[in-house]
Every structure is written in structure tokens, then in C-alpha cells.
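Novice: Since the structure of chain A is provided, determine the placement of chain B on it from the hints.
Spelled out, the chains give:
2 protein chains.
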Amino acid sequence: MATKFLLPEDGIPTSWYNVAADLPTPPPPPLHPGTLQPAGPDDLAPLFPMGLIMQEMSTEPTIEIPDEVREIYRLWRPTPLLRARRWEKALGTPAKIFYKYEGISPAGSHKPNTAVAQAWYNKEEGVTKLTTETGAGQWGSALALACQLMGMECLVYMVKVSYYQKPYRRSMIRVWGGEVIPSPSDTTECGRAILAKDPDSPGSLGIAISEAVEVAVKRDDTHYSLGSVLNHVTLHQTVIGQEALAQMEMADAYPDFVVGCVGGGSNFAGIAFPFVGENLKKGKKTRCIGVEPAACPSMTKGLYAFDYGDTAKFTPLLKMDTLGHDFVPPGIHAGGLRYHGMAPMVSHLHQLGLVEARSVMQTEVFDAGISFSRSEGIVPAPESNHAIAVVRQLAEDCRQSGEAKTILFNLSGHGHFDMAAYDNYLDGKLEDYAYPEEKIKEAMKNLPKV
Amino acid sequence: MATKFLLPEDGIPTSWYNVAADLPTPPPPPLHPGTLQPAGPDDLAPLFPMGLIMQEMSTEPTIEIPDEVREIYRLWRPTPLLRARRWEKALGTPAKIFYKYEGISPAGSHKPNTAVAQAWYNKEEGVTKLTTETGAGQWGSALALACQLMGMECLVYMVKVSYYQKPYRRSMIRVWGGEVIPSPSDTTECGRAILAKDPDSPGSLGIAISEAVEVAVKRDDTHYSLGSVLNHVTLHQTVIGQEALAQMEMADAYPDFVVGCVGGGSNFAGIAFPFVGENLKKGKKTRCIGVEPAACPSMTKGLYAFDYGDTAKFTPLLKMDTLGHDFVPPGIHAGGLRYHGMAPMVSHLHQLGLVEARSVMQTEVFDAGISFSRSEGIVPAPESNHAIAVVRQLAEDCRQSGEAKTILFNLSGHGHFDMAAYDNYLDGKLEDYAYPEEKIKEAMKNLPKV
Numbered sequence: 000m001a002t003k004f005l006l007p008e009d010g011i012p013t014s015w016y017n018v019a020a021d022l023p024t025p026p027p028p029p030l031h032p033g034t035l036q037p038a039g040p041d042d043l044a045p046l047f048p049m050g051l052i053m054q055e056m057s058t059e060p061t062i063e064i065p066d067e068v069r070e071i072y073r074l075w076r077p078t079p080l081l082r083a084r085r086w087e088k089a090l091g092t093p094a095k096i097f098y099k100y101e102g103i104s105p106a107g108s109h110k111p112n113t114a115v116a117q118a119w120y121n122k123e124e125g126v127t128k129l130t131t132e133t134g135a136g137q138w139g140s141a142l143a144l145a146c147q148l149m150g151m152e153c154l155v156y157m158v159k160v161s162y163y164q165k166p167y168r169r170s171m172i173r174v175w176g177g178e179v180i181p182s183p184s185d186t187t188e189c190g191r192a193i194l195a196k197d198p199d200s201p202g203s204l205g206i207a208i209s210e211a212v213e214v215a216v217k218r219d220d221t222h223y224s225l226g227s228v229l230n231h232v233t234l235h236q237t238v239i240g241q242e243a244l245a246q247m248e249m250a251d252a253y254p255d256f257v258v259g260c261v262g263g264g265s266n267f268a269g270i271a272f273p274f275v276g277e278n279l280k281k282g283k284k285t286r287c288i289g290v291e292p293a294a295c296p297s298m299t300k301g302l303y304a305f306d307y308g309d310t311a312k313f314t315p316l317l318k319m320d321t322l323g324h325d326f327v328p329p330g331i332h333a334g335g336l337r338y339h340g341m342a343p344m345v346s347h348l349h350q351l352g353l354v355e356a357r358s359v360m361q362t363e364v365f366d367a368g369i370s371f372s373r374s375e376g377i378v379p380a381p382e383s384n385h386a387i388a389v390v391r392q393l394a395e396d397c398r399q400s401g402e403a404k405t406i407l408f409n410l411s412g413h414g415h416f417d418m419a420a421y422d423n424y425l426d427g428k429l430e431d432y433a434y435p436e437e438k439i440k441e442a443m444k445n446l447p448k449v
Numbered sequence: 000m001a002t003k004f005l006l007p008e009d010g011i012p013t014s015w016y017n018v019a020a021d022l023p024t025p026p027p028p029p030l031h032p033g034t035l036q037p038a039g040p041d042d043l044a045p046l047f048p049m050g051l052i053m054q055e056m057s058t059e060p061t062i063e064i065p066d067e068v069r070e071i072y073r074l075w076r077p078t079p080l081l082r083a084r085r086w087e088k089a090l091g092t093p094a095k096i097f098y099k100y101e102g103i104s105p106a107g108s109h110k111p112n113t114a115v116a117q118a119w120y121n122k123e124e125g126v127t128k129l130t131t132e133t134g135a136g137q138w139g140s141a142l143a144l145a146c147q148l149m150g151m152e153c154l155v156y157m158v159k160v161s162y163y164q165k166p167y168r169r170s171m172i173r174v175w176g177g178e179v180i181p182s183p184s185d186t187t188e189c190g191r192a193i194l195a196k197d198p199d200s201p202g203s204l205g206i207a208i209s210e211a212v213e214v215a216v217k218r219d220d221t222h223y224s225l226g227s228v229l230n231h232v233t234l235h236q237t238v239i240g241q242e243a244l245a246q247m248e249m250a251d252a253y254p255d256f257v258v259g260c261v262g263g264g265s266n267f268a269g270i271a272f273p274f275v276g277e278n279l280k281k282g283k284k285t286r287c288i289g290v291e292p293a294a295c296p297s298m299t300k301g302l303y304a305f306d307y308g309d310t311a312k313f314t315p316l317l318k319m320d321t322l323g324h325d326f327v328p329p330g331i332h333a334g335g336l337r338y339h340g341m342a343p344m345v346s347h348l349h350q351l352g353l354v355e356a357r358s359v360m361q362t363e364v365f366d367a368g369i370s371f372s373r374s375e376g377i378v379p380a381p382e383s384n385h386a387i388a389v390v391r392q393l394a395e396d397c398r399q400s401g402e403a404k405t406i407l408f409n410l411s412g413h414g415h416f417d418m419a420a421y422d423n424y425l426d427g428k429l430e431d432y433a434y435p436e437e438k439i440k441e442a443m444k445n446l447p448k449v
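Line order of the protein sequences matches chains A and B.
For the first sequence, numbering that gives the first Met the number 0 assigns the number 0 to the initial residue and increments by one for each residue that follows.
For the second sequence, numbering that gives the first Met the number 0 assigns the number 0 to the initial residue and increments by one for each residue that follows.
Simulated from the structure, these hints should not be mistaken for lab results.
No false leads were mixed into what you were given.
Same chains, same label: a pair holds when it works inside one copy or across any pair of copies.
In silico DSS-like cross-links for lysine-lysine, where the CA-CA straight-line distance does not exceed 30 Å:
id, residue 1, residue 2
1, 217, 122
2, 128, 428
3, 217, 128
4, 217, 312
5, 165, 428
So that you can see chain A by itself, here it is in the shape it has in the complex (with noise of 0.2 Å):
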């Protein structure tokens, strides 16, 4: 009874899957912010590069990864599938419970996936340096990894008050070569308004995404990157569920539910956009949820609409699941599903009836969490325990009504540097918190009128 399901290095995928070539309509391109005129190429070109930006609009089924992109995914990737049996046991459940392991990335999640890609597409246009923000550090830390290894300089702006307080991705920035400056900084036009304002600012995303793309606009050799949301984002998330694909057909089994956590969509559609495609190509029938906070509900609570990506409203209007751009989350304690949006491809996807949605309380999810470390060994990210909460309801519910349903989920990194949440969890300080109707509908009314 095998356990552990792996694929050889030449497992690694080939080529990204697009989804957009297999739905019935493409997603809404995104509006320029001036002109709310759809934005083209050009629009995007001082931010990324044009194969990006190809990347971004495609319809091709199928997109090649360029062999150097491959060969830095051999340091890690094909990552493991396994079948948490202890897991099943513990449970008492019927169910089959698969698992697909991205936290043995250097950087700990699936991050780097999207980060050595857009590395390589930057640095083949000539760009020699990336910027970007980061809040806990996991996608500043996966850019400086592909950077490294891409031989390309990167700056992080990250969050001030992470900065000091959860400093150890940030030391990986820097073993990996990277340079990090706490946001608001006075390296910037806007981080330096912010400050003569307010000094002591313990700064915010939609900050430290200003002063990045700040830096990218004004400079030549230099591009901005961003760690989600995007299309071309997760397209290259594919990766993950490509190989599963390969890994359940090994396993001899299919699932009937594919589950990942979203915050901006990128892990879940990875791991479930080629179960869609499967789906919409071949009549097969997985139910694919994502599942986010109660306390940041965009797919479940949230509307389908055009928004802003930030709160300065700088970036392209994008129509996705959200809960306005004035939206404030909560301090809860997945830093990584704290976004008022949702990424268009997932939004879209979700609109069509192709995918569905669950939101869970923080307590349920380190409870379950903890379940599963505990049968399985590895500690997980607090984002992806939103995953594992809804996959142990999936579970009772098998375990009531006997049936031995398929569950496959995308556990998408480990848990190291977020042990603290997990002490706070243990000494019952946690407080459950769902975001209120009548909030989310005042966050809703300075929705862009399109």
C-alpha cells in the first residue's frame, strides 16, 4: 500500500495549461485606470515584460517553459503526492485524502513556481533587476530565491511592521542575495510622503506596492513582479496541478473533490485548474473549492465586479470577487489570504459555476491544522490549513454517510516561520471572527462605477 506517490525528473511538466483556451468565454481583459478604456500591452509595459504580458491575454491551450525555468524547477519540483493514511485513520473516515506537498520549495510554498518564471521572462527582455512588496515575506522571499538563481538583482519592500516583527523570511531574502527596506521608506517619492505625514506608519501592502512599482516605472533596467492574482501568475501555478494529475493516475484513483486555500487564487489554481480542464475536455466530474477566511470572504461574500488591485488605486481595474479595495482586513493569522480581491482567471471561473467557494473560522483551521500534523508529521502553513478544515469536513461527511469519496488538496507550504500562531492557538487566544454583512456592503460602495 503505497503511501508516497513521485514522478521522475522528467515528470516536471513541459508546458503551463492555460484554462482560458478551454471556457466558453475568456475573463474580462483589465481597464486602464485613467481611461476605463481596456488596457493593452503597452499599458502593462513599464511593469513587466511583453512575454509576460503575452502570457497575460493568451488563449493558446498550452504555453512551453522555457528549459532554464525547467531546470531550476529540478532543484525541487516534481514535488510529492502523498496519501495521508494516519490521517484517514485518525479521522475515521471512508475517504481516500491525497495530498500534493509544495512546502518543499527552498522558499516553503509554491511561490517560487511563479517567481523563477517571471524571473527568466524579465531577464531574457534585458532586465537585470526586480522589485516587488512583500507582507510576512513569502513571496519577497520566493522572488530573491529565483532572482539568485536567475542572476538578477531584487529589492523587496516589505511591510514595516513585519519587518521588525517577523524577521526571519526576511533573512532569507537576504541569504539568497536580496536587498529588503521596511516600507514606508525614504527611497521613494511616496514613501517619503507618507512618512512626512506619519513617521511612525508601520506601513501596509497597498504602500509597499507603491513604492515597488514606484522604482520599476522610473527605472529602465528595472521591472516590477507580482507574487499572485495574475493570469500569467497561475498559469504558471499549473505546474502543480499538471503533476497531480500524473501522481492520482499513479495512485490509481481520481478525485472527486480538488480543495486549496485562495487568498489571491494562485496555489488553488494551480493545483485545480487542470482537474477544470479535465472537466470541461473530457465530461469529468471534480468539484474543485477554494476556501478562504470568514474573516476575508471575497469569493463567498463578495462581489463580481471591476476593482482596483490596491488600495491607491494605481493599478489596472480588474473584474474579480471583491470586497472592495477599502477593504481592511482583519489581523488574522494567514498574512497570505489577506486580500480584499481575487484573481480574474479564479473569479471567472467561479462565475461560470466551474469552481466553488467555502469560507472557515481561524480556530476550526488551526484545529484541523493540528489534526493533520499530528498524523501526518508536517507542521502546515496557517493558510493552508483553510484547506485542510474543509477537506476534514469532507471527510465526515463521508464518514456519515460511508461513502469513499476521492479528496485530493494542495497542501502549499509548511508552517516554520508561523509558529507563533500556532502558540497563540494553543493558549486559546485566538478569537473567531467573520466579516460583517453590513461592513462589507459599506466597503462595497466605493466599488469604480463601470
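Specialist: Chain B in isolation, oriented as in the chain A frame:
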């Protein structure tokens, strides 16, 4: 050109390899601390189960791994073997460098290989609880994981200063259901005695051992567990080297050098003993090199002599490479390598000329680790960086001589809980320190007269 050599699940060894069987003479037995006569099985029975005591004294060439232990190994074993192609290129060396990555285990190091085995043999004999000591928490977390997976209780005495300053492995112990108490504590007689004298005692590994041993001796349902040094521990770790033998064959290569860091000696023994066995049985000529900090040089500067395992002189006397039981290691950033002695089996092989030793300074160690990380991605544990520093020396020798030697090293763990040490290095705050000869001579004065 393959980079990664993965064994299938049934590539987990079915037995441990006992190098004692292939030696001209087995190492001398431990001596009873009271009588100074060879200690028999009964002397060790209050602390350890008979299954492990028999392994401690065995000269059988192989000892079968129990099915349930192998089943748990499958959660992370076989661990991957990788060829460090990118690092070779960065170093400009013709050497072929391979590494075995043990950081993939849930606890992040090789430690669970023996923790799981020790828990099983204790459970078999009706023991329901294990106690141990831990410094930074590597061993405590590994034993908590093992006990959780075996359905046993685990009580960890953690050096008080680490309990408060390095809380994250403490959190892992809790996630895995273990109890962790800052030592010295009021839960034991010896703890209370120390607190009476010094209420603010920061604790030490020696004190924590005493507390853990006291609890184990006083309770019939409780045993004590040690994470390194003893023969049964080095035995259990031979799964590493046995897998590596098979994986090097997959890579169509055989090592001229096998390198591992040494603190108590278990990870080095784990990778090296199977290759020492090939040297002895098949006339191979692999040089096996243990690498220790210049600040704690038991193999390169110590004496091969009978000595106590602990400062308080509670333990049996072991014949080993030792700096003397009074040796107080300086606060270097590799907590796992700060032990005055060396595994008796490793020391015996050293004496016989079957393994070698080198020492390195800690700034070279971190510089080498960062060099590795910037090519291969993984951020290694500071302990593992000691091995990496010597691998880089050997690779440089090859660069100069033009010889394409094959080097294999054990990457014993990741550095996710040691990022503060990397920060210290990058900030220029690490100082080099070689333990002075005269202070070593001083510590040697108190070696027991046997």
C-alpha cells in the same frame, strides 16, 4: 543530466547496518559510573528498553527495522539525493558534488530516524511515556513527533534560556502534543535544588539531562531517550547511508569522500558507516570526514579516553574522543555541535583510522552555507554548514588539481529556525573562535582515572 535521485518507497532499508560487526574489534563497553566496571544490560534497564540495550551491545551485521517504524519512515523517507550541479558550476570545480537531504523530515533534520525507532522499542515493552532534554529543540521536537506518531506521551526538559529565546521548536513540540518544561524546574528534586541556590538559573543541557533522567528513573511507565552519541542511535541513522549507497548507484557514481558534521556524531555515522562498511568488506577507499567546530574540537583536539557523558557525572563512562566532561562550549551558532564528547562508535573508528576529522571556524561555515544556498536554494542548518565548508575545501582542491573527485555529504537539516544566526553573520557580528590548547589541557585534568 539528472539532478535528483529518488528511490521508491520500498527503497527504505529493511534493516539497520551495524558497523561493529565488520570491525577488527568492537568498541570498549561503557563502564558503570560507581564501580568503574563494564556496565551490563541491567545497569541500563532503568532508562532504556531491553530492545535498545541489546542493539547497544550487538555485533550482528544487520538488525531488522520493525514494520511500524518503516511505515512511519515512509512519511518522509527515502530522502532525496541531489547532485549540486549549480553549486559545482559556481565553485568552478571539476568535482562532482552530491548531497543527501535529511531536512525533508517533518522535524527538519535526521533526528526522527532514531526518535521513531526508540519510541517503538519502548512502546513494545509497555512504556507509555518518554522524557528527554533539549537545547535549541531539534531533538525535543523530533522525539515529540515520534511519540505522537506512536501514540505515546513525551516530556521534554528544555534549557530555560532557549525555552524563552528560541521558542519555535518549543512550539513544534506542543503542536505534536508533547509537554515542554523550562529547565531547571520545580518538577524534579534536582531542579528544585538548583532553583533553591539560583532562582534565576538559565539552565544547561547537563541540568536538563538530570531532570529528564530523574523522572524516568522514578516512574515505571517512563523511560529516557537520547538523541545522539549511543550505539543504537548511530545504528538507526544508517538508513541515511544505505539509501545513499543505492542512490549513488542510480547516479552511476561512487564517492571518494563522504562528509558530515559532527556534534554527538549521529548524522555523520548515519551517512558514513555504510560506506566504511564497503571499505572494509569490498576494499573500497572512500575517505569519511567528520567536521566539527574549531570551538568544540573533540575529534581534532580531544583525547580518546573514558569519560562521563554529562557534567554531573551521572551517566556511564564511555570511551570516546572527549574534551573532558567539564568542558563548557562557547556560544557558537550551531547548537547541535556543542558537546564535549563524541559517539563511542565514531571515536573508535577514528582511533582505528577508518574515519577522519577536520575542524572549521564559524565565519567560514556560514560563508560556505550561503554560497551553497545561493546555488541550490535550500537554506541549511548551521550544523550542516560545517560539512558544506569542508566540501567546498575539497572542491577547491579539485579546482586546483583538475581532478574530478566525487564528494557526497549529508545535508542533515534545514536552517528555518536558525535565521537569526544568518543575520548575525550577514551583519558581521559573528566572531571566529578556536578553543585554546591550554584550556583544553585544563579541562582534560578532570578526566576520570580508569
